[in-house]
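Taken in sequence, the protein lines are chains Z and W. Those letters in the first sequence? Residues 1 to 150, by my numbering. Those letters in the second sequence? Residues 151 to 299, by my numbering.
Worth flagging that the hints you see were computed from the coordinates, not collected in a lab. Model, not experiment: these values are computed from the prediction. One or more of the hints may lead you astray.
What the hints assert, rightly or not - Derived, one-sided and incomplete: chain Z residues facing chain W with beta-carbon distance under 8 Å:
1) 37
2) 57
3) 66
4) 114
5) 118
Even glycine gets a Cβ: it sits at the ideal position worked out from N, Cα and C.
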Amino acid sequence: MTPSPLPLADLVRTVRQSREYHRLTDAIPYTRFMGIGVENLAGEMLCRMRYAPHLIGNSILPALHGGALGALLESSAIFELLLQTDTGRVPKVISSTVDFLRSGKAQDTFARAFITRQGRRVANVRVEAWQDDRTRPIASSHALFLLSEP
Amino acid sequence: MSDFTLPTDKAGRQEQLSVLFTEAVPHNHALGLRLVDVGATDATVVMPYADVLVGNPETGVIAGGAVTTLIDATCGAAVFARLSAFAAIVTLDLRIDYLRPARPGLELTAHAECYKVTRLIAFVRALVHQGDPAMPVASSQGTFMRMED
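Please model the entire structure based on the sequences and the hints provided.
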């Protein structure tokens with residue numbers, strides 16, 4: 001018998017403790033659809049978007065869709081806020097700015113989010129995404145999120 | 151990639167661009183994006199509500215990432231309209247303001263206008279709404295670059 005799904009706030013609390021990140025990303029239809037997961041690599045929490053043909057935006061190059069990269073950056077920021085702060089609900093994005101630096105190849109893409117400021121209501125988050133070489137990011141963003149009171 | 155020049159008549163432009171927009175762009179196809187109108191410098195794209203696009207399973211609200219894709223794709227189509235060609239372009243940057251939450255169960259419509267082009271760069275602004283353009287869900291501004299052969 002499969003256990004009934006936990007409410008999201010409970011699931012987030014459980015995952016903060018257990019670090020079974022897939023339980024959270026599996027509970028969100030869009031991250032499942034995009035193949036976006038949270039992984040603990042060498043003690044660091046990263047997001048990985050697994051390559052799939054439906055993420056392609058330009059079939060001739062081929063290159064990942066800019067929107068897919070934007071989705072990875074935003075998901076990475078949201079998971080960082082959910083798992084590293086004590087926010088009780090999914091943070092709401094207020095605004096985001098994405099710079100597309102290099103075209104994304106048809107392979108897995110990684111992202112790492114940094115909370116640059118966390119206030120009572122608003123958090124500022126910066127995210128970088130890369131493929132082969134972390135020192136050569138393919139996209140970066142900064143975004144503002146509205147947090148719920150803990 | 152050599153550019154496809156679009157037909158000069160409105161119906162022909164829209165038909166050819168709609169096909170390329172969906173068939174040549176797998177991620178647009180995966181999200182069910184439909185190009186529903188093309189003007190001289192603007193484009194309108196609809197994204198149907200779908201369970202796989204939900205970012206918050208408790209509210210059913212669409213993920214911001216899906217809205218980003220809708221905006222990026224619609225802005226790109228507005229650049230194609232302005233250039234009268236399905237040209238090789240890349241997004242340089244995209245800024246999005248989320249003005250109010252999208253209502254679950256309703257399709258999203260994006261309207262983008264390419265208001266300025268230089269030899270290499272295209273400037274675009276876009277609004278996303280759910281039927282009433284006076285009540286936008288998101289507003290956006292982006293820049294695109296034309297790839298040289």
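Structure-inconsistent hints, enumerated in ascending order: Violated hints: 1, 4 and 5; rest satisfied.
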